[in-house]
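Listed here are the chains, written in short residue letters.
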Amino acid sequence: MNIDKSMKVLVVDDFSTMRRIIRNLLREIGFTNTVEADDGATALPILKAGGVDFLITDWNMPGMPGIELLNAVRSDEKLKHIPVLMVTAEAKRDQIIQAAQAGINGYIVKPFTAATLQQKIEKIFASA
Amino acid sequence: MDRDERLSWARRLVRAIEAGDEQAEHDAANAIARRQSLHLHEQLQRIAGELRETLCNFEAVTELARIAHRELPDTHVRLNQVISLTEEAAHSTLSAVEASMPLADGIAEAVERFRAEHALPRSARGKALGALLDGVAASAVELRRRLSDVMMAQSFQDITGQIIRRVAGLVADLEAVIAKTHAGRGGGAAHRRASNAGEGPALPGQDADVVAGQEDVDELLSELGV
Numbered sequence: 001m002n003i004d005k006s007m008k009v010l011v012v013d014d015f016s017t018m019r020r021i022i023r024n025l026l027r028e029i030g031f032t033n034t035v036e037a038d039d040g041a042t043a044l045p046i047l048k049a050g051g052v053d054f055l056i057t058d059w060n061m062p063g064m065p066g067i068e069l070l071n072a073v074r075s076d077e078k079l080k081h082i083p084v085l086m087v088t089a090e091a092k093r094d095q096i097i098q099a100a101q102a103g104i105n106g107y108i109v110k111p112f113t114a115a116t117l118q119q120k121i122e123k124i125f126a127s128a
Numbered sequence: 001m002d003r004d005e006r007l008s009w010a011r012r013l014v015r016a017i018e019a020g021d022e023q024a025e026h027d028a029a030n031a032i033a034r035r036q037s038l039h040l041h042e043q044l045q046r047i048a049g050e051l052r053e054t055l056c057n058f059e060a061v062t063e064l065a066r067i068a069h070r071e072l073p074d075t076h077v078r079l080n081q082v083i084s085l086t087e088e089a090a091h092s093t094l095s096a097v098e099a100s101m102p103l104a105d106g107i108a109e110a111v112e113r114f115r116a117e118h119a120l121p122r123s124a125r126g127k128a129l130g131a132l133l134d135g136v137a138a139s140a141v142e143l144r145r146r147l148s149d150v151m152m153a154q155s156f157q158d159i160t161g162q163i164i165r166r167v168a169g170l171v172a173d174l175e176a177v178i179a180k181t182h183a184g185r186g187g188g189a190a191h192r193r194a195s196n197a198g199e200g201p202a203l204p205g206q207d208a209d210v211v212a213g214q215e216d217v218d219e220l221l222s223e224l225g226v
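Just so you know, the protein sequences line up as chains D and X, in that order. The numbering of the first sequence is the numbering used here, which starts it at 1 and goes up by one. The numbering of the second sequence is the numbering used here, which starts it at 1 and goes up by one.
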């Protein structure tokens, strides 16, 4: 697996606990260049400022939900190439289909394991 | 008592008066009076029933309004307090885990370094030391794994927090509806969740069309070509 571990990862979740857990897991896998946002509305300016290589986002957040952030990313010429991994408690089949149609690269349902996160990240960058 | 019966009693009364039969007159008059009072009694009972119902409704609405004004905002605050407290606790745990993980890593690395720098003698003492180092290294790895489990377990705060937030939202909606009903303006529509806002964690056996776990998600996604 040849992933550039220095890539900048944006972690978007409204719960600070979950952001911290995901950042810890990323650090264990080797990704140390991480930034955080607590919903889509705060994530977009960070994305637009440039330099983010990978986006991990929750779905259910006050303000702008993750699915709308995904849509915004995919409809922005400068951002649409960024791989997006959804890490969420949303478990309805319709929602997963909606996310797939919106152009998600991976979907993890909470609660998840460290192994699942690593596996999905490897899958995303293996196919990239 | 129908019309014929009433006429019959009236005729009996007239005849009794004409005949001067006081007993018969008394009986007929009584029969008519009883009928009147029976009717009145029924009406009174009905009015009492309606009054009771109205009072009960009024009491129920007043009680609901009291709950809405006093207890419901409190519930909202309490639920938010649960979120804050669990968040605080989860962060304390995470801090402890983050501080402990490098210690476990350090122990494993120290053992490795020692082994690399010192060839252990083949003596009994050397063997014992080797076994001790193996044990310490294995424990350090196991400790690291357990710490990782403790860290992942803190994700309960996100899941329960989402559920509590949803209930808190419901309580706020309920409060608004009751306040409007009590004000006599009729129940207003509570604010609806935006269609894309998400559903929150699924309830086992309650929510329909929900995936059973990550394997289901993976299967569904591969069907969709992701």
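Because the hints were derived from the structure by calculation, they are not lab data. Check each hint, because a few of them may be wrong.
What the hints assert, rightly or not - Only pairs whose alpha carbons sit at most 25 Å apart, straight line, appear in this in silico SDA-like list of lysine to any residue:
(1) D/5 - X/80
(2) D/110 - X/87
(3) D/92 - X/94
(4) D/92 - X/144
(5) D/110 - X/113
(6) D/110 - X/80
(7) D/110 - X/224
(8) D/78 - D/92
(9) D/78 - D/110
(10) D/110 - X/94
(11) D/123 - D/72
(12) D/5 - X/224
Of the numbered hints stated previously, which ones are contradicted by the structure, given in increasing order?
1, 3, 4, 5, 8, 9 and 12
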